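Number of protein chains: 2
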Amino acid sequence: MEAGDFKDFAKAMTDYITEYLENIRDRQVVPSVKPGYLRPLVPEQAPQQAEPWTAVMADIERVVMSGVTHWHSPRFHAYFPTANSYPAIVADMLSGAIACIGFTWIASPACTELEVVMLDWLGQMLGLPEQFLARSGGEGGGVIQGTASEATLVALLGAKARTIQRVKEQHPDWTDTQILSKLVGYCNKQAHSSVERAGLLGGVKLRTLRPDNKHRLRGDTLKDAIEEDLKNGLIPFYVVATLGTTSSCAFDVLDELGDVCNSHDIWLHVDAAYAGSAFICPEYRYLMKGVEKADSFNFNPHKWMLVNFDCSTMWLKNPRWVVDAFNVDPLYLKHDHQGAAPDYRHWQIPLGRRFRALKLWFVLRLYGIENLQKHIRKQIGLAHYFEEFCNKDDRFEIYEEVTMGLVCFRLKGDNEINEELLRHINGRGKIHLVPSKIDDVYFLRLAICSRFTENSDIDLSWEEIKSCADEVLKGVSKN
Amino acid sequence: MEAGDFKDFAKAMTDYITEYLENIRDRQVVPSVKPGYLRPLVPEQAPQQAEPWTAVMADIERVVMSGVTHWHSPRFHAYFPTANSYPAIVADMLSGAIACIGFTWIASPACTELEVVMLDWLGQMLGLPEQFLARSGGEGGGVIQGTASEATLVALLGAKARTIQRVKEQHPDWTDTQILSKLVGYCNKQAHSSVERAGLLGGVKLRTLRPDNKHRLRGDTLKDAIEEDLKNGLIPFYVVATLGTTSSCAFDVLDELGDVCNSHDIWLHVDAAYAGSAFICPEYRYLMKGVEKADSFNFNPHKWMLVNFDCSTMWLKNPRWVVDAFNVDPLYLKHDHQGAAPDYRHWQIPLGRRFRALKLWFVLRLYGIENLQKHIRKQIGLAHYFEEFCNKDDRFEIYEEVTMGLVCFRLKGDNEINEELLRHINGRGKIHLVPSKIDDVYFLRLAICSRFTENSDIDLSWEEIKSCADEVLKGVSKN
Ligand SMILES: Cc1ncc(COP(=O)(O)O)c(C=O)c1O
Ligand SMILES: Cc1ncc(COP(=O)(O)O)c(C=O)c1O
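Chains A and B, in that order, give the protein sequences.
Using this note's numbering, the first residue of the first sequence is number 1, and each one after it goes up by one.
Using this note's numbering, the first residue of the second sequence is number 1, and each one after it goes up by one.
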């Protein structure tokens, strides 16, 4: 493909995606295809000769869009949001053109340095303590990970390295394997499944602890678990505090957990994957009280802050533990400036890395702090707007206090009726939701996911849910 | 940013990157900035108000490009290539606009299904055995990983799960920790540092074995190591065969390693990160003879096959071991079609995943198999063209047989003179190379990295190297 063709193709694609996004609410949110739908739509083999770009363009609706779940439709209320914005898309074009692999500073100084500075910008926007920022001149600093799952694993590996060293100082005769078999980490029973996976990957025990009746992990619960484990000869080394659980957006009481961790020299990692974006609004920072007691903090601008996937920002007070755990230094990656700037390959699981700081830079500048705050506040407002509908309808109840852009609700009654309700909703296909279950109580989650969502969209979603409830309850009363 | 602004911005960016790429050889390949160059060039904080896109556009040269190492310049000969093509950039725009997170089939059927089919297309192009392909109807299939490092780790985890189950059947009383402490994996001493890292991450021993005098790991060496370890009560479980080592592009003798692995029920993973792309040309497939004996196979289209980072394709004969090792199944991720199509989140380390199959699809169609083969053949031809210059100049020697797009060469003489040569070359800044060292022999690596490279570019690189050699040798003779 030559430059001239590229210009035409990129222009056609720009028009296409503008059209797609601006009219996304008119599409059926979840496609009605069955598994295996796509294979018959394309040839069995790659073509021998080059095709014209117009042929590819012509296949997008037929092959791709017919099987796409439209995450950016205002009718999409499943999971948590994922980000999508025009500035981030343009930034990714530039990133694709530069296409450097920023594993070391010298491999593209701009790639590393813009990331360092952007993580400082963003850290300030959240009100993170200076110890987490590179500009403080201390050891702390930030990094872009691919996903929150990786951040949780990276923090766990840092915690492991730090603890092994400490234990070895006390017990020089213990082997790594011996120590490893005694390590134990902790998280809320409602923590994201990636925490359990990090434990599996890292080969250490992770205990899930019972939250309080608001689904928050509390200091006393953690303290009791630690003391019990210490009595049994185990070595508590890692705690993940979740700010905004996936199930119901509950917030662990970080301040309490921080005290317990600090007094036992345990690494405290904060997983604020979804809710962290809200901390750019000062009125929500009470939910991260105690963050100065944490060792690492992570949230996903790629969820709720309009920076396209993948962009999961992580700050570490002392990255040395992670860097040392990963440091494998072949000659072809050595360079003259080692130590003067971070070599980010030591901060992450993969070796290669794209120039992802560009999209953060573009989004922060082209929205500005004010518009990003407006975005968060508007989406939380929409959640409360939906909550009101539930509150005003006697048949419904709110399952969890609404603080962010997620409403957990259910029909008063048993789980079956709520499962039936969700089947109806998703079966009719106008809107899309997923359920959750805590302590055997099944409920529905309505997340505000699209940046295009307006009150009128929520009106429609509510009408649809109400009408499904009518059907379901009529069915019940008939039996 | 509104749709109208986006169209203008995307158009401006399209023009900018076309201009950038088409004239990239005129830029200084490695920037002369010092660590910390960027911070003074940008404000200390993110702006409160939105800026116009023209302001961002105006900063790209000043802030970003002044610190970019131009990986796509024909003057860039460091590391291995990383891919960059117009079709992939346009595909990524679409991927950014759809912005689905394809962790399950239902989360966007097209995202999963196009990946399944593209991995079949590509697997056929390489001539992989049917057992690796989904279309065979067996258990095998492919997946896009972010990086080769992750593929190596994923394979290791699969191997670990398979071996633990087997050992438990024989020794029901052994604990996981006991078994884990006995597991041992193997690779060539010249294997990529990510293999060592995978061992660290997975918490298992990895032995690096001595290659033969052509830097290839041989069957007998592996066999001896395994027998020794078995005698000592260890459990050999995993072998990584490297096809195209990073240091010198040597090829382990897969066929021999395969026999040894198969007879000991050891998982054999093939890391063909760079060289794998060449297997789309039948004349290079002799280098992967024995691939049918492997359990998993990985290469990076994001290196040498014109698909932008990240796109590391991996095939597994039996993904079940990986899937089971990862399977953590919360309610909000369950859906009605589980089992009918892969839920790729179980095949990888992160949870979230972009719609990366689009760029594979665009590249395969817009180049066609023929042009991709031409690209590989041309780049290998350019390596031989450079090799000729070295051969014709008595002062130089070729360090390793040239088979792909990498030439390993050195001045006849000691390491110091070669270190001096590289310092001169990189110091003058016209071209960029990195060194390597095997068995204390230091040499220079010249990789053909840019798709824009022509014979005339190689002429220039050679002139520059020759002129640096003149200087260095003059210096020596003066002393
Ligand atoms: C609290 C929490 N942690 C972690 C994750 C995983 O995020 P990622 O896909 O970035 O790994 C999620 C995803 O929804 C989440 O809600
Ligand atoms: C042989 C080999 N394996 C693995 C890798 C790592 O690749 P990635 O950055 O995709 O993890 C490389 C990178 O150059 C390589 O040459």
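For the record, the hints were derived by calculation from the structure and aren't laboratory data.
Errors might be hidden in some of the hints.
It does not matter which identical chain is used: a pair holds within one copy or between any two.
Mimicking DSBU-like on lysine-lysine, the simulated pairs with C-alpha atoms at most 30 Å apart in a straight line are [stated by the list, open to error]:
id	residue 1	residue 2
1	K168	K205
2	K430	K189
3	K317	K34
4	K317	K430
5	K374	K7
6	K7	K378
7	K168	K182
8	K205	K412
9	K168	K11
10	K466	K430
11	K205	K182
12	K7	K168
13	K437	K11
14	K182	K231
15	K466	K289
16	K412	K223
17	K34	K437
18	K182	K392
Small disclaimer: the values here were computed from a predicted structure and weren't measured.
- Structure versus earlier hints - violations, ascending order: 2, 4, 8, 9, 12, 13, 15, 16 and 18
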